[in-house]
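Engineer: Spelled out from the first residue to the last, the chains are:
Protein chains: 2
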Amino acid sequence: MKVLALTGGVGGAKLCLGMAHCLDPTEVQFVVNTGDDFDHLGFHISPDIDTLTYTLADRSNTELGWGRRDESWQFIESFEELGGKTWFRLGDRDLALHVRRRELLSDGQTLTEATAHVAKAWGVDFPILPMSDDPIRTIVHTPDGPLKFQHYFVRDRCEPSVTGFAFDGIEAATLNPKIDFDGLDAIVICPSNPFVSVDPVLDVPRMRERMKASGAPIIAISPIVHGQAIKGPTAKMMRELSIPATTASVAAHYQDLVDTFVIDELDADAANDVQALGMKAHVTQTVMKSLDDRIDLAKFVLGLLA
Amino acid sequence: MKVLALTGGVGGAKLCLGMAHCLDPTEVQFVVNTGDDFDHLGFHISPDIDTLTYTLADRSNTELGWGRRDESWQFIESFEELGGKTWFRLGDRDLALHVRRRELLSDGQTLTEATAHVAKAWGVDFPILPMSDDPIRTIVHTPDGPLKFQHYFVRDRCEPSVTGFAFDGIEAATLNPKIDFDGLDAIVICPSNPFVSVDPVLDVPRMRERMKASGAPIIAISPIVHGQAIKGPTAKMMRELSIPATTASVAAHYQDLVDTFVIDELDADAANDVQALGMKAHVTQTVMKSLDDRIDLAKFVLGLLA
Chain A
1 MKVLALTGGV
11 GGAKLCLGMA
21 HCLDPTEVQF
31 VVNTGDDFDH
41 LGFHISPDID
51 TLTYTLADRS
61 NTELGWGRRD
71 ESWQFIESFE
81 ELGGKTWFRL
91 GDRDLALHVR
101 RRELLSDGQT
111 LTEATAHVAK
121 AWGVDFPILP
131 MSDDPIRTIV
141 HTPDGPLKFQ
151 HYFVRDRCEP
161 SVTGFAFDGI
171 EAATLNPKID
181 FDGLDAIVIC
191 PSNPFVSVDP
201 VLDVPRMRER
211 MKASGAPIIA
221 ISPIVHGQAI
231 KGPTAKMMRE
241 LSIPATTASV
251 AAHYQDLVDT
261 FVIDELDADA
271 ANDVQALGMK
281 AHVTQTVMKS
291 LDDRIDLAKF
301 VLGLLA
Chain B
1 MKVLALTGGV
11 GGAKLCLGMA
21 HCLDPTEVQF
31 VVNTGDDFDH
41 LGFHISPDID
51 TLTYTLADRS
61 NTELGWGRRD
71 ESWQFIESFE
81 ELGGKTWFRL
91 GDRDLALHVR
101 RRELLSDGQT
111 LTEATAHVAK
121 AWGVDFPILP
131 MSDDPIRTIV
141 HTPDGPLKFQ
151 HYFVRDRCEP
161 SVTGFAFDGI
171 EAATLNPKID
181 FDGLDAIVIC
191 PSNPFVSVDP
201 VLDVPRMRER
211 MKASGAPIIA
221 ISPIVHGQAI
231 KGPTAKMMRE
241 LSIPATTASV
251 AAHYQDLVDT
261 FVIDELDADA
271 ANDVQALGMK
281 AHVTQTVMKS
291 LDDRIDLAKF
301 VLGLLA
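In order, the protein sequences belong to chains A and B. Just so you know, the working numbering puts the end of the first sequence at 306, numbered straight through with nothing missing. Just so you know, the working numbering puts the end of the second sequence at 306, numbered straight through with nothing missing.
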């Protein structure tokens, strides 16, 4: 079995964890969105890579839903005392990752190499591949002007209404050469935000062609369930973009790329709409609350290949 | 009253705290050694400036004898997990100072300005002046070759025997222009290591001339008491340099610069040797265990001016 999984942050990482329980490190590559990356306080912060790494390393903070487990906040409390900006909450343990990554990057390592170094230190053997080692920065357009993604997402808590997106630097970026498209059995698009988590990955020059040229079936799992996003602003964004916040709209977003679309039981009645777009539609329980849910969804998706 | 106090780290900072209890912020300037400064993990670390700032801000870690009070170590523990070097123990709260300083320096502030910013945030109004805003790096010469100061002092725990010292960059460095020599009533050389804390300050181009030209009495307090250094490697260094580890040797080190030398009661019999060097000798209790000890020594030193 050889699978390529495209993922953003929390939602996608849940399915990646499920796949990691079903496949060997040689059987799956995780290609991660870096459009959320940003430079903050002199650190290179890669929120989606970090979320996936923490998740696979069993170090994610499940109470908060972001960041690292067993976290403490002495740094940020003292940093605020010194007049530092605290809208992006850097935990004491999380800081270790950012300081170490900067050290590795300034030693000349690529983001891919630095990511592998951190994963290895935590015993994670699965390949975690940034979509590109070149800087790509997601910009969220709003009626009040463009916002850097983390300003929109964290600082402004997704409150501004969105009118569109741009991925600065993407035209000049090189697709991560470590991604191995040869002999893929499947490409899985995890249930991540289509606009700001998956589109940046798909829009890296040559990514779509390489995916199609691989000949592997492309399977997407809907991040929208019964008109809601499990987490994050996907549904809100769709409403603001005047797109019905439905699973069928997500399927339409992936038309001409995705062969098979997985929808939740609650959206079973959307199967016809999905098929009308020329995709196979499969229905299952997609909401991942427990580890078993993650593994069950991974098994279901991989089972579609049999 | 207008006093200029030259200081290194812990020992000098004790007397500075005592002076801060006796004088207004307009009456004293603290000129601090930056030869210990180093770049570590992408941070500019100024150990002596930080020790004095923590001391004056009542944030110093008196249990450890270095660093910040109420410190925690989540960062360094996690950093070690990632293969990071941990010989220089950065605490979670101490990190806030280093991240903030880097931010201020990269915004174009001088070390003097960044230091003032931090001090102000903690309610410290006393001028804490780096001896220079230019990089000066103390090198410790040993039989096995040169060592950067923090490698000698922290990483190697002062174990290598010393054969001499160099202050890289000092010839090209500019004396901190914020130091005000006009109308000084006294210049106080705090009980700090003469070789690696005070000499770097004295050796900044024009420092000695400006001190002498000010016409102010120069008073030094011996860091050696009864052949021992209260803290740090001063006595060990003297033995390795074949200099008797005595308070008189320290006086001789400052000959032709210092007018008045303050020695501890335990060294009262050295008064004659000090006077033989052409200095006034004064005897008092110089070991500062309590805050009262710090204030008493400051009062004694300032009293010499009456």
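Don't read these hints as lab results, they were simulated from the structure. A portion of the hints provided could be inaccurate.
Since copy identity is lost for identical chains, a pair holds within one copy or between any two.
Unchecked claim - Here are the simulated lysine to any residue pairs, SDA-like style, with alpha carbons at most 20 angstroms apart: (1) K85 to F43; (2) K85 to H98; (3) K212 to L41; (4) K2 to D125; (5) K236 to D168; (6) K120 to F38; (7) K148 to T260.
Remember, it's a predicted structure, so these values are computed and weren't measured experimentally.
Engineer: Which holds for K85 with F43 at a C-alpha limit of 20 angstroms: within a copy, between copies, both or neither?
Structural biologist: both (14 angstroms within a copy, 18 angstroms between copies)
Engineer: Between K212 and L41, at a C-alpha cutoff of 20 angstroms, which is it: within one copy, between copies, both, or neither?
Structural biologist: neither (40 angstroms within a copy, 43 angstroms between copies)
Engineer: With identical chains, the pair K148 and T260 could be close in the same copy or across copies; at 20 angstroms between alpha carbons, which is it: within, between, both, or neither?
Structural biologist: So K148 and T260 fail the 20 angstroms test inside a copy (33 angstroms) and across (61 angstroms) alike.
Engineer: One pair to classify: K120 and F38, alpha carbons no more than 20 angstroms apart. Within, between, both, or neither?
Structural biologist: neither (23 angstroms within a copy, 30 angstroms between copies)
Engineer: Under a CA distance limit of 20 angstroms, which applies to K236 and D168: within one copy, between copies, both, or neither?
Structural biologist: Intra 23 angstroms, inter 58 angstroms, cutoff 20 angstroms: neither.
Engineer: Is it within, between, both, or neither for K85 and H98, if the alpha carbons may be no more than 20 angstroms apart?
Structural biologist: both (17 angstroms within a copy, 14 angstroms between copies)
Engineer: With identical chains treated as interchangeable, where does the CA-CA distance between K2 and D125 reach 20 angstroms or less: within a copy, between copies, both, or neither?
Structural biologist: within (15 angstroms within a copy, 64 angstroms between copies)
Against the hints set out earlier in the document, violations occur for numbers 3, 5, 6 and 7.
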